[in-house]
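Visitor: Sequence:
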Amino acid sequence: MSARRGLAASAAGLLVLALVVLPRALRGADAAEEEVRASFRRVLAAPEAKALMAIERSDPFGGEPSRENGSVWILPGRGLRYRSAASGGQEIVIDRQKELFLLYSPSERTVYRAPYARAPARLRRLVAEPEQFLRARLDARAEARAVRGRMRDGYRLHGGSLGDSLPEVSVWMSRDRGTGLPHWVSIASPTDTVWIEFRNWNLASRARPADLALSAPPGTQEAPLDPRELLERGGGSGESR
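Residue numbering for the sequence shown is 225 to 465, as defined by the numbering used here.
Worth flagging that the hints you see were computed from the coordinates, not collected in a lab. Careful, some of the hints might be misleading.
[To be verified] DEER-style ranges, computed between Cβ atoms: (1) Gly301 to Ala370: 33 to 41 angstroms; (2) Gly312 to Pro442: 36 to 44 angstroms; (3) Gly443 to Leu276: 26 to 34 angstroms; (4) Asp416 to Ser311: 22 to 30 angstroms.
Just so it is clear, CB atoms sit at the ideal spot from N, CA and C, and this is done for glycine as well.
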C-alpha cells in the first residue's frame, strides 16, 4: 500500500504542480506572465500533447534523491495518462468521457478504479477547463538558476497561484530554448524539493483516445481506489516516493 501511495503522489501530486504553470524569463513582469501563459497555451491548444518526464525528489533526511522516469499524455477536454518507465511501474488514467479514474499497479497485478468525479479536483479542471490555468495570478519574475551545472533563464512564480492549500510552495520553471515549450520545473516545500524535466514534446494534430488506455493485460483483477491515497506522501524507500 505504501508503494502505491508513494508513486501515486509522484504521478498525481506532481502532475498537479507541474502542469499548472510552466516557463521562461523575458523582461518586465507583464511580459514574464505572458511568456508563461504562451508556453503552456501551446500544450493545451493541441488536440493531444505527449512528453517524457524525469522526476527527482530530494530526501528530507539527507539521503540520496529518489528518481523516476515516465511519460505523460494530455488530451485537453478528454483526459490524461501518466505511465512510469520503471520495471513494474504504475500508471494513472483520468478519462472524462468514460467517467473513469484508474491506477494500475503491475506489481500487485491490480487495476484500482474510482469514478472520474473522485479524481483530484485540479487534475479534473486541467482536463475539463484548461484555460482556467492560464488565468491564475502568477506574479512571475525573471530568475536564472543553475540546473545540472548550467545557468538557465526562467521564472519564479507566486506559490499561491497553485492554490490556497499550497502557500509555502515555491515554483520555478524554464522553457526549452529551441521549441519554447516547458522544459524544467522546480517545486520546493519546507521539507523537500522536486525537479521535473519535460523532454521530447509531441503536439499532435489529432487526438488519439486510445492513448488513454491502460497497459494492463485483459482480465487483470480490479479493486476500488481511495483517491485520498493519491494525496498522501508515501514513506519508506526512495523507490516508493
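Visitor: Now look at each hint and say whether the structure bears it out.
Guide: Now for the hints, and whether the structure bears them out:
1. Gly301 to Ala370: 33 to 41 angstroms: Holds - the Cβ-Cβ distance for Gly301 and Ala370, about 38 angstroms, lies within 33 to 41 angstroms.
2. Gly312 to Pro442: 36 to 44 angstroms: Taking Cβ atoms as reference, Gly312 and Pro442 lie about 19 angstroms apart, which means the hint is violated.
3. Gly443 to Leu276: 26 to 34 angstroms: Holds - the Cβ-Cβ distance for Gly443 and Leu276, about 30 angstroms, lies within 26 to 34 angstroms.
4. Asp416 to Ser311: 22 to 30 angstroms: Distance hint for Asp416, Ser311 holds at roughly 25 angstroms.
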